[in-house]
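Colleague: One line per chain: the protein sequences are V and D, in this order.
By UniProt numbering, the letter at position 16 of the first sequence is numbered 16, and the numbering carries on one by one without gaps.
By UniProt numbering, the letter at position 79 of the second sequence is numbered 79, and the numbering carries on one by one without gaps.
No lab work stands behind these hints: they were computed from the structure.
Hints may contain errors.
[Unchecked claim] Here are the simulated BS3-like pairs of lysine-lysine, each with C-alpha atoms no more than 25 Å apart in a straight line:
no.: 1; chain 1: D; residue 1: K114; chain 2: D; residue 2: K85
no.: 2; chain 1: V; residue 1: K135; chain 2: D; residue 2: K244
no.: 3; chain 1: D; residue 1: K296; chain 2: D; residue 2: K279
no.: 4; chain 1: D; residue 1: K114; chain 2: D; residue 2: K128
no.: 5; chain 1: D; residue 1: K279; chain 2: D; residue 2: K120
no.: 6; chain 1: D; residue 1: K310; chain 2: D; residue 2: K18
no.: 7; chain 1: V; residue 1: K114; chain 2: D; residue 2: K135
no.: 8; chain 1: V; residue 1: K233; chain 2: D; residue 2: K310
no.: 9; chain 1: D; residue 1: K18; chain 2: D; residue 2: K294
[Claimed, not checked] Which chain D residues face chain V? A few, computed with CB under 7 Å, are given here:
no.: 10; residue: F73
no.: 11; residue: H96
no.: 12; residue: F99
no.: 13; residue: E106
no.: 14; residue: L143
no.: 15; residue: Y146
no.: 16; residue: A177
no.: 17; residue: D188
no.: 18; residue: E206
no.: 19; residue: G261
no.: 20; residue: Y285
Note that beta-carbon positions come from the ideal geometry of N, C-alpha and C, so glycine has one too.
Protein chains: 2
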Amino acid sequence: MTYAMIGTWRMAYEGLSKGLDLLKGGGTSGDAVESAIKKVEDYPFFKSVGYGGLPNENGLVELDSAFMSGDTFGVGAVMGISDVKNPISIARSLSHEHFNSVLVGEGASQYATKNGFERKNMLTPRAKKIWEKRKAEIAEKNLSPYDGHDTVGMVSLDQTGSMSVGTSTSGLFMKKAGRTGDSALVGDGFYVDSDIGGAAATGLGEDIMKGCLCYEIVRLMGTGLSPQEACDKALYPFLRKLKKRFGKIGEFSLVALNKDGQWGVSTNVEFTFAMGTEKEAPAVYIAYPDENDKTKISPITQEWMDAYEKRIKAPID
Amino acid sequence: MTYAMIGTWRMAYEGLSKGLDLLKGGGTSGDAVESAIKKVEDYPFFKSVGYGGLPNENGLVELDSAFMSGDTFGVGAVMGISDVKNPISIARSLSHEHFNSVLVGEGASQYATKNGFERKNMLTPRAKKIWEKRKAEIAEKNLSPYDGHDTVGMVSLDQTGSMSVGTSTSGLFMKKAGRTGDSALVGDGFYVDSDIGGAAATGLGEDIMKGCLCYEIVRLMGTGLSPQEACDKALYPFLRKLKKRFGKIGEFSLVALNKDGQWGVSTNVEFTFAMGTEKEAPAVYIAYPDENDKTKISPITQEWMDAYEKRIKAPID
């Protein structure tokens, strides 16, 4: 049996590399996803996940996270949780419960305390500065406040054939208090079945959820499509349908992995992701929508990586 | 064009009758769903929806509700909201938003206040008595606290061919603070596409969400299956799969309506529902799982209705 892992955005890379090390050593798909996402949550310069994530309109960092086992279909999720160091660990813990496995708001935060999960003020001075600057810009220039909503989503396959998926995000920047997106909604932001494969989404959650795209991708893989074919087929026709019906659409990006370690992605924007398998070292790639409902994928350039590094650490004036 | 409406449980009946009156007079599918569910929310003797709904383990009534337009795919939802008279109206209002259309916990409650929705303490003296009694029983007899979780879900078709779906529930009785189920999760507890049809679910949300069953039913209807065929095909094989994978399963019941006004249901328990169309007066039916992955449906008896009426109003000692 092989092993593999895919994750959304360049930010997934270091965590995914760690997850692949675990998988190589015989670790479980669940441990790989949890430890990979914890690494992303813990890094203060990723401003849409965990510590350093941007706050809501009131200045509070509210987090969403989910975990699903492809073996049992066990799902755990938290929405609008605050002051917790690793939402993914709470979500995974909940996935073992038959009742009360999805918790929102203050109840989710209370669960974390009662069950010994580490509490932490997740607002960094840097995130606070970005929030204050944005508040001023919105007031001055009458801008739409909503900008930035990158979820980390990871799908993993271990050497026993087990698969897992996890997501974590601070959600839409400047969101209203209590707003949640697709990241903690089963079938919308994530889905996995170890007999088939798994998928995770990132983008404007309000739109992604309208299509149940992660469930649909897994279902399509179950009919024999490759992960790439399933991603393309689920996303591109739905974008046209939603544009026609709702009148406007946000950003959508999807990653998928099947039980043989094959992978795919689709997107309607410039989208980076990280991927690694038993045979391919972990690396970052960049994807764009192509003609005829296809996706164009290339290895990332060093220039892109350098510019990214500079951008996420640039001083906030 | 015809019109039709279907709703989960006997409790849907009076609201659905009102909704059908609206549809007969040319009302929209959205107005029919909202006014029908409001009627269920307002009736104090239905103990799993709105006013009179049973509280969580702390004695607080926390409500979940969602609304989806089959024309636009617009989705609005609230989870873990408290002290609001009509969660369905808040969900419907949110469905018009492109951002912040799903709100959880305290943020959802704040939205209701800021936008002029009526606040109300949703705990009735009767519900409080039931909760106190249950608390004592659990302590004495070491019972599993979780019992009762009936969501009202309604799907409607209006004379212009528009379809809508709505759900509302106080969730699992004695749930942990912040617990939510499938009722406000798109594709899991509800889905609708006016070009095809819609579906809604009730039962143990933690399990229903594992299968994305409402999305799957609508998708199957889109391949040409009747609502009854789609309900049977989505539910029964999934129950076997989940039993095998997760080891245990809760209660599942589903209703569906297509764009031609045909309907279907499937269930793994005794399940009542209400239904009416242009040609059939609103009535309550009772369904059971049958052999060979089919569903057995009969008109309700007067005896059943009388016993129900007596049961929901019985004194709490």
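Colleague: Give a verdict on every hint.
Modeller: Hints, verified against the model:
no. : hint               : in the structure
1   : K114(D) to K85(D)  : holds, 14 Å
2   : K135(V) to K244(D) : violated, 51 Å
3   : K296(D) to K279(D) : holds, 22 Å
4   : K114(D) to K128(D) : violated, 28 Å
5   : K279(D) to K120(D) : violated, 38 Å
6   : K310(D) to K18(D)  : holds, 23 Å
7   : K114(V) to K135(D) : holds, 20 Å
8   : K233(V) to K310(D) : violated, 53 Å
9   : K18(D) to K294(D)  : violated, 31 Å
10  : F73                : holds, 4 Å
11  : H96                : violated, 10 Å
12  : F99                : holds, 5 Å
13  : E106               : holds, 6 Å
14  : L143               : violated, 13 Å
15  : Y146               : holds, 5 Å
16  : A177               : holds, 3 Å
17  : D188               : holds, 6 Å
18  : E206               : holds, 5 Å
19  : G261               : violated, 21 Å
20  : Y285               : violated, 28 Å
Against the hints set out earlier in the document, violations occur for numbers 2, 4, 5, 8, 9, 11, 14, 19 and 20.
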